[in-house]
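Participant: Protein chains in written order, with the working numbering: chain V, 1 to 204; chain Y, 1001 to 1230; chain W, 2001 to 2252.
Since the hints were derived computationally from the structure, they do not count as laboratory data.
Accuracy of the hints is not assured; some may be wrong.
[Stated by the list, open to error] Dumping the calculated BS3-like pairs for lysine-lysine here, alpha-carbon to alpha-carbon at most 25 Å: (1) Lys1226(Y) <-> Lys2159(W); (2) Lys2091(W) <-> Lys1226(Y); (3) Lys2091(W) <-> Lys2024(W); (4) Lys1226(Y) <-> Lys1018(Y); (5) Lys2159(W) <-> Lys2091(W); (6) Lys118(V) <-> Lys2091(W); (7) Lys8(V) <-> Lys2024(W); (8) Lys1018(Y) <-> Lys8(V).
[Claimed, not checked] Simulated coverage check for chain Y against chain V, where a stretch passes if three residues somewhere in it have a Cβ under 8 Å from a Cβ of chain V: (9) 1019-1025; (10) 1093-1099.
Where a beta carbon is used, it is the ideal one built from N, C-alpha and C, also for glycine.
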Amino acid sequence: MTELLSAKNLTVFRGERCLFHDLSFALNAGESLLIQGANGSGKTTLLRAVAGLLDLEEGEIRWRGFSTLAHRQAFHGEMAWFAHSVGFKNDLTLLENLRFESGLRSTSMGRLSAVLDKLGLTSLTQLPFRALSAGQQRRVGLARMLLANAQLWLMDEPLTNLDTAGQDLVVNLITEHLQGGGACMLASHQAVGLNSDMQRIVLQ
Amino acid sequence: MTEPANPTLWQGFAAVVKRDLLLAYKRPGDMLNPLFFFAMVSTLFPLAIGPAGDQLKLLGPGVVWVAALLSVLLSLNSMYLSDLEDGSLDQLILSPQPLPLIALGKTVAHWLVSGFPLVLVSPLIAITYQMPTETIGVMVVTLTLGTISLSLLGSVGAALTVGLNRGNALLSLLVLPLAMPVLIFGARTVALAAADDAVSAGVYFLAAYCMLALSFAPFAAAAALKISNE
Amino acid sequence: MFRHMWIFLHKLASPPHFYGLAAKMIPWFYVSGLLLIAYGTIAGLFYAPADYQQGDAFRIIYVHVPAAYLSMMAYSIMAISAGIGLIWRMKLAHAVAAAAAPLGAWFTFLALATGSIWGRPMWGTWWEWGDPRLTSELIMLFLYFGYMSLRAAIDETSKADKASAVLILVGAVNVPIIHFSVEWWSSLHQGPTLVREGGPAIETAMLYPLLGMILGFTLFFGALLLARVRAEVLHRERRSRWVRNLILGESA
């Protein structure tokens, strides 16, 4: 199995507080990692640190053997980020929002419509983002994940604000992503209905 | 599904500019407010000082420049704020495009929305200050170079203060002292033009400053954005 | 040789080591600085001849020039430390920048105040916009205020360190440009003719006390800076073991 992501001796402080210390893990292709813990235990912080949004106090993260700090661009090209605030513009329509994403990543329009089809968003494309329900907004976030065609998915609380159908969709997408050789790191306080061979990190 | 093509820099840059212009178009108020402010401040001076033509002629270049500086400042605060609030900033930082390029795209859009309209409106205000036509030409050139520099300089300040309490007042405190050279050369060059003096030194300086800002500011803004978003 | 220097620098950057070393250095800085200032004051006020144009009023340069020099010096120190802090992630460098800012602001204020007092007999006004040096100093003061306000607005120390470091580096690129543009601006202005402090013809009896004052002020500044960095380090490391041991050791 190919090792995609590895983290060694991560230490992150938030202000005065040390959230985690000397944390190490590795993620191979086709594997997933679930971060669990109470609110405020640092799940999101760990995920943000892996993504490169936070500076590490100590430790190193490697992607395909290369330091993510030194090869930021290459790492970000293979990574997709799904967070609690989805990161779309309320004033723009769904289509305008996703067109911007494909502009950033230079993906084709054909791919965009395929993704919209898959997630059942085609009929909503002309609506402004603010007019969508919370669940629909999350789906647009998922559309960005698929559009990015990334190897690594980093997802913060991917199941919140979703009905059962939506949750099933997320689980199916993740399973499909893993079967295709991708890797996924999730933070969730809910038990994710994935197969049980997930790695787990429990933060205190 | 097929692999995406390698993202090209130009497409990424264009996407950012296009998105911000589209946003400004959907909220025309954000674009018009600095413009009204510009016109308003320029109206204050004759009212406060008196309508004597000679005095206004003397004050005109300075007033137009101070008003332009303040209205650019007014529009800076919102540059990255909504991106921070709705989570777009995370996505921008994590996009496969270089962050300085994205910051530059946002700055270009900011200038097109807030600086460029000021340049377009400024001749009208100059006329009310009885500026001669040749002077107006010099003023437009200096304002163009100056507002581009201010947008670039301001993007660093906006990136440093985004998300801070009372960020707006702080932003002015950070950007204004740094903007002094632009103000000095901009306003004095227009005043020199009004006195039929040589203007090339001032115009060259502003052009050089603009180039310097263009080569440094996007990198500083990118570094600041990453820090502010932590 | 190079290796030794690197090890020395590395050791210097460790907070407990710096804390101890600075404590040993501070008294030397204070004593030598105050001695030089005493010499400069006595020689400058009593033994230097009066200026043939300005009379006794010129003697304020013995405070004004060192203060103006230190206001630039403090800014340079901040910029260099900020650069080191950002590039090599050295926390001590950030602490130096943070500690130097209020000192720099004070010396800038002192330069402004003495410049203004000097201007009163020279120009007949407390403030003369035509003087480029005073105007530059005023903008310097605003730069210091901006730096300190930005630091104060950010709660997290490490974030404040990095953000203010970016600001000071942007400022450092701008400071020469600001000086140049203010010079240009005042050269257009037909104001009162200014008397340059210390032209080529300055008498040695005037010059030596001035040099003494500059060196003395710098040493004094160094002592203050070291003391402030010590306090800053102590505050930043308040949760660490060496600080706890230090306090326990002192109270025992």
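Participant: For the segment 1093-1099 of chain Y, do three or more residues have a beta carbon lying closer than 8 Å to a beta carbon of chain V?
Facilitator: holds (count 6)
Participant: Given the hinted pair Lys1226(Y) and Lys1018(Y), is their alpha-carbon gap at most 25 Å?
Facilitator: holds, 22 Å
Participant: CA of Lys1226(Y) to CA of Lys2159(W), is that 25 Å or under?
Facilitator: This hinted pair holds, its Cα atoms lying about 10 Å apart.
Participant: Within a Cα-Cα threshold of 25 Å, do Lys8(V) and Lys2024(W) meet the stated pairing?
Facilitator: violated, 39 Å
Participant: Is the listed coverage of the segment 1019-1025 of chain Y by chain V valid when you require three or more residues with a beta carbon under 8 Å from a beta carbon of that chain?
Facilitator: Contact hint for the segment 1019-1025 of chain Y vs chain V: holds, 3 residues under 8 Å.
Participant: Is the straight-line distance between the alpha-carbon of Lys2091(W) and that of Lys1226(Y) 25 Å or less?
Facilitator: holds, 18 Å
Participant: CA of Lys2159(W) to CA of Lys2091(W), is that 25 Å or under?
Facilitator: At roughly 12 Å apart (the allowed maximum being 25 Å), Lys2091(W) and Lys2159(W) satisfy the hint.
Participant: Please work out if Lys1018(Y) and Lys8(V) have their alpha carbons no farther apart than 25 Å.
Facilitator: Given pair Lys1018(Y), Lys8(V) is violated - Cα atoms ~40 Å apart, limit 25 Å.
Participant: Quickly compare the C-alpha distance for Lys2091(W) and Lys2024(W) to 25 Å and report which way the hint goes.
Facilitator: Holds, because 21 Å separates the two Cα atoms, which is no more than 25 Å.
Participant: Quickly compare the C-alpha distance for Lys118(V) and Lys2091(W) to 25 Å and report which way the hint goes.
Facilitator: Violated, at about 50 Å.
Hint check: violations occur at hints 6, 7 and 8; the rest are consistent with the structure.
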